[in-house]
Each structure stands twice: as C-alpha cells, then as structure tokens.
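Trainee: When you number the sequence shown by UniProt numbering, it's gap-free, plus one each residue, and the end is 317.
Honestly, I wouldn't trust all of these hints.
Simulated restraints on C-beta separations [said to hold, decoys possible]:
no.	residue 1	residue 2	range
1	Arg314	Asp91	35 to 41 angstroms
2	Gln307	Asn84	36 to 42 angstroms
3	Thr277	Pro133	28 to 34 angstroms
4	Asp91	Thr204	53 to 59 angstroms
5	Gln301	Glu11	35 to 41 angstroms
6	Ser166	Asn308	21 to 27 angstroms
7	Arg178	Tyr202	17 to 23 angstroms
8	Phe121	Ser195	57 to 63 angstroms
Mimicking SDA-like on lysine to any residue, the simulated pairs with C-alpha atoms at most 25 angstroms apart in a straight line are [unchecked claim]:
no.	residue 1	residue 2
9	Lys208	Gln247
10	Lys228	Thr277
11	Lys266	Pro161
12	Lys209	Met243
13	Lys300	His179
14	Lys203	Lys90
15	Lys228	Val303
16	Lys265	Gln124
17	Lys142	Met243
18	Lys203	Gln164
19	Lys77	Lys90
20	Lys74	Lys228
21	Lys203	Asp162
22	Lys304	Lys315
23	Lys203	Arg225
24	Lys74	Leu50
25	Lys228	Gln247
26	Lys48	Ser96
27	Lys228	Asp60
Just so you know, the hints here were simulated from the structure itself, not pulled from any lab data.
All C-beta atoms in this analysis are idealised placements derived from N, C-alpha and C, irrespective of residue type, glycine included.
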Amino acid sequence: MSIQDLIKNQEEDSYCQNIKDKLKSGFVFAQNSPLFSNAERAKHVVPKSLVPLVLNSCHDSKAVAHAGFSRTLKRVKNHFFWHNFYGQVKDYVASSHSCIQRRGFKKNQKVPIQKMPIPDFPFQRVSFDAIGPFQISAYGNKYLIVITDTFTKYPEVYPVPDIQSSTVCKVLINFISRHGIMQILYSDRGSNFISQAMQEVYKTLGIKKLQTVSFNPQANGIVERLNKTLIHSLSHFVSQNQMDWCQQVPLALMAYRNAYQGTIKKSPAFLVYGRDTVMPLNLIYSHSVKSYVDTPTYAKQLVKNFQNTFAIVRKNL
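Starting from the given sequences, assemble the full structure and let the hints guide the process.
Mentor: And the structure:
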C-alpha cells in the first residue's frame, strides 16, 4: 500500500471525510497529503477499507513475526489511528489462524530465573545457549547458538552445523567483534561451553564464566525465553519441508529486536542504537524519518537518549 493509496481511500471514507470537513482539534492535513492524527508523533488515520491491510502489516508480516496482542497494539499505536482500533487489534490477534494453530506453544512458558546482579551497561553480562538439533537446513545447519545481552535484551543468533567447542569459539569471537568483550558470560553446564579449550579463551579475554546451577538448568532465563520466542516465530514462516528455517532467522531477529519489551520500556534495538530502527512500516506508511543537522548534534542527542533510557532500564531490571 502506497501513500497515494492511503490518500485515495481516505478521500472515499466517510469517517476521514468527516474529520477533514470539521477540522476537529487533534487532526491535521495538507492538500494532496494523507490525514494525520496530531499526537506526540504523527500517525496516519486509517480508512475502514484499509484496516485489514494495516492489521496484516502490524501482525502477520515476517518483519513482526506474529507478535502477541500487546506488541501488535503498540506497533499500531505508534503509526496509525482509527476509531476503535484497540478492539479490532484484539479481535484480529485472537482470531489469527496461524497463532491459533500454535497456541499450545504458549502453555507452561514461565521460565525460572536465577537471581543475577543487575548489569551496569550494555553487553557487560551476556547469556549463551545452544538449541537444536533441528532438521538439517539447506545450508547444512542443525543448531542455533543464541547470545543475549542481559541489559538491553538484544540478541544475536547464529545457525551452525554443530556445537563443538571450536564452533562455539568462532561464534563468540564473531559476537565480540560486534559488541566488544563482555565481563561476565552465563551459560548452562554443556561441555561445549566449559571445555578446556573454552576455558582458555575465557582466560585470555578476561571473561568471567559462570554456569547456571545444576539443580535448575533453566535458570539462564533470559536466553531460554528468547529461545521459545524464536522457535515460535520461525514456526510461522518455515516451508513445509522445514529446510529453510535458518534463512528465516534474520527476519525473526528483526522482529524481536524491534519489539517493545515491557521490562525495559523500549525495544532492544533502541537501547543499542539510541534510536528506533527504520522498519518496513516506516518506509511504507510514515511521512518522514527523523534527521539531524550534523554529527555532533546527533551524538549529543544520542548521549541524552542513552542517559534517560538506561536509567529506566536499571529501575525495571
């Protein structure tokens, strides 16, 4: 759906026309431009004919991976407005055929969490885990290695053919090249994470390696919850032969990284980059993407964003 489609459908919609005719407070429009709700951020007013398309974009697309009601509602509220959107979002998510088929996955999802110290900054403490084996993918992969920052909840996921120590080491180095050396790394007691070779790597890099307690192997709760969410997201999009699952990982990651997290009051991507990631919804529907005058101005705003959001995160962790 293009902006031109939105304008055309707004012109044919009685609700939108009523707003234009009366110019009610809280709505703005310009000639040959779509109608916006004049909230804290501009939102497109959606005509009735386009509501199903918007709901599909906010819930069903691979970029959002069939998120639940609260995250779908948050996404709709950030970009759109129409009469009774709350109820329609609720009904749409509840009646999603793909979600209904997988609803059993949601049962017994509470994961016990080992009490861990609150991190001081991003990527100070990370959780490490491996899931699988899955059916061998078209690229020869059978496992996923999952690394999650405990401060921002930002994940990296690596499809791999095996989880031998040599493979785990390569993944760890790849992660460090992106995010720096963590002070503390949590994992379960799998031999691939605590082998002599890995112990040498931790020692060389100055990483303190901690294992989850033996009587509670699911205590690595942050990454365990991500594992469940990741598998749930992938299940919506893999083909019938299930050989393309690792090709869907980047899209599942995009959805998770950019989804609002209740505990940190932001998306993981925002806490890493200091801004909202430009998503397909922004390119299709939004009227503009915020720009900065110059690099120093952007850097100053970035520091301010981090100071404010990190304070909120520490309060809620």
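Trainee: Each hint needs a verdict: does it hold in this structure or not?
Mentor: Checked hints:
1. Arg314 with Asp91: 35 to 41 angstroms: For Arg314 and Asp91 the Cβ distance comes to about 37 angstroms; the hint holds.
2. Gln307 with Asn84: 36 to 42 angstroms: 38 angstroms, holds
3. Thr277 with Pro133: 28 to 34 angstroms: Holds, since Thr277 and Pro133 (Cβ atoms, about 32 angstroms apart) stay within the stated range.
4. Asp91 with Thr204: 53 to 59 angstroms: With Cβ atoms ~55 angstroms apart, the hint holds.
5. Gln301 with Glu11: 35 to 41 angstroms: For Gln301 and Glu11 the Cβ distance comes to about 37 angstroms; the hint holds.
6. Ser166 with Asn308: 21 to 27 angstroms: Hint violated: Cβ distance 42 angstroms, outside 21 to 27 angstroms.
7. Arg178 with Tyr202: 17 to 23 angstroms: 18 angstroms, holds
8. Phe121 with Ser195: 57 to 63 angstroms: This hint is violated: roughly 29 angstroms between Cβ atoms.
9. Lys208 with Gln247: 33 angstroms, violated
10. Lys228 with Thr277: Measuring from Cα to Cα gives roughly 24 angstroms; hence the hint holds.
11. Lys266 with Pro161: Violated, at roughly 34 angstroms.
12. Lys209 with Met243: 34 angstroms, violated
13. Lys300 with His179: 21 angstroms, holds
14. Lys203 with Lys90: 51 angstroms, violated
15. Lys228 with Val303: 33 angstroms, violated
16. Lys265 with Gln124: OK: Lys265 and Gln124 at ~20 angstroms, within 25 angstroms.
17. Lys142 with Met243: Distance ~10 angstroms between Lys142 and Met243 Cα, so the pair holds.
18. Lys203 with Gln164: 19 angstroms, holds
19. Lys77 with Lys90: The hint holds at about 13 angstroms.
20. Lys74 with Lys228: The hint holds at about 21 angstroms.
21. Lys203 with Asp162: 24 angstroms, holds
22. Lys304 with Lys315: 17 angstroms, holds
23. Lys203 with Arg225: Distance ~29 angstroms between Lys203 and Arg225 Cα, so the pair is violated.
24. Lys74 with Leu50: At roughly 18 angstroms apart (the allowed maximum being 25 angstroms), Leu50 and Lys74 satisfy the hint.
25. Lys228 with Gln247: Roughly 18 angstroms between the alpha carbons, so the hint for Lys228 and Gln247 holds.
26. Lys48 with Ser96: With a Cα-Cα distance of about 19 angstroms, the restraint between Lys48 and Ser96 holds, given a limit of 25 angstroms.
27. Lys228 with Asp60: This hinted pair holds, its Cα atoms lying about 18 angstroms apart.
Hints 6, 8, 9, 11, 12, 14, 15, 23, counting from the list given before, are not met by this structure.
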